[in-house]
Structure formats: C-alpha cells, structure tokens
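With the sequences and hints as input, model every part of the structure.
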Amino acid sequence: MQIIDMTTITLSTLLITGFIAPFALYSLKTKRTEKANAYSFNELNKEHGVNPTVVDRWRKHYTLGLDKLNNKLIYFRYGDFPQQAVFDLNEVAKVSIQEKNRIVVVGSEKRSILEYLAIQLHFKDPKHLARTIEIYDGELFTSQLGERVMANKWHDLLNSHLKAS
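For the sequence shown, the positions run 970 to 1134 when my numbering is used.
Just to be clear, a hint being listed does not mean it is correct.
Derived DSS-like pairs (lysine-lysine); straight-line CA-CA distance at most 30 Å [to be verified]: (1) K1041 / K1000; (2) K1037 / K1004; (3) K1079 / K1041.
Pair by pair, the computed Cβ-Cβ distance ranges are [claimed, not checked]: (4) Y1085 / H1017: 22 to 28 Å; (5) A1133 / H1017: 18 to 24 Å; (6) W1027 / S981: 38 to 44 Å; (7) L997 / A1054: 28 to 34 Å.
Hints were generated in silico from the structure; no laboratory data involved. Heads up, the beta-carbon is just placed ideally off N, CA and C, and yes, glycines get one too.
The structure is reproduced here in structure tokens:
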C-alpha cells in the first residue's frame, strides 16, 4: 500500500479546480444569458399577444417565432444592437432570401464567402418597404452553424403559410 502525502493531494486538487473553474464559469454565464434572452422573448410575446408555435433560437443571439393562429411572425435579436419586431403576415405578399457574398481569390481558386444572410418580407402594399430579418452577419461571427439551412427552412415555412392563409 502506498501512502500519499497531504501536499500531493492538496496540489492535485488545486490544479484540477483551476482547470475546471473557467469551464464552469462559462457554462453558468451562458445559462444565465440564455435564460435572460428567453425571458425577454416571452415578455415580447405577452406584450403583443403572440403565442408562437414554431420557434428557433440560434447563436444565443437570435430568436424567430411563428404564431400560426394569429398569423404573426416575431423576431428578436439580442446583443449590442438589439432588434425586436412583430410582423402581421396578413400584410406580407411573399418572402425571399437576401444573401451577400464576396469573392476571395486564393491562387487560381475562387471562393465565395457569405457575408450576410437574411429573410426578406415583401409587403402587399407597394408603399411599405421590404423588411429584413437577419439570420447571419459575417462581421459578428467567423463561421456558419447551419444558417443557410435555417434560412431555407423559414423561407419555405413562411411562403407555404402565406399560400395557405
């Protein structure tokens, strides 16, 4: 049987705690932020009498919801420049995807880099300017996490909902 002295146990405990602490603090901070964002989104829903049946949250920065009964779309962007919007889909004629790319040339190869991705709402009233719902901003995020798939999903969902109503 080996005997381990208290110095080794204390030092090991301190090193393990020092290694784990940043991860635990980050996790707590993330959960607190997500809880605050969800609370803000729910308050906006209550304020406008909206009860979304389809909701997507991504990057701890965006939330998008569709209330099929009241025919409303609710959008919430958090962060330094927050944006809150509720759209009456009875006033919307169609939905399209807005995409901005830049071409980067590396040697003889050309690559298209996505800089901005949004869903654009076109209204029935021609005097009402189209509104955009930001899905991805290349200045805020360095990589994509399925935003193209999400934009296509919401594009198809909203257009099919508009045709049905």
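Results for each hint:
no. : hint                      : in the structure
1   : K1041 / K1000             : holds (28 Å)
2   : K1037 / K1004             : holds (25 Å)
3   : K1079 / K1041             : violated (41 Å)
4   : Y1085 / H1017: 22 to 28 Å : holds (27 Å)
5   : A1133 / H1017: 18 to 24 Å : holds (22 Å)
6   : W1027 / S981: 38 to 44 Å  : holds (40 Å)
7   : L997 / A1054: 28 to 34 Å  : holds (30 Å)
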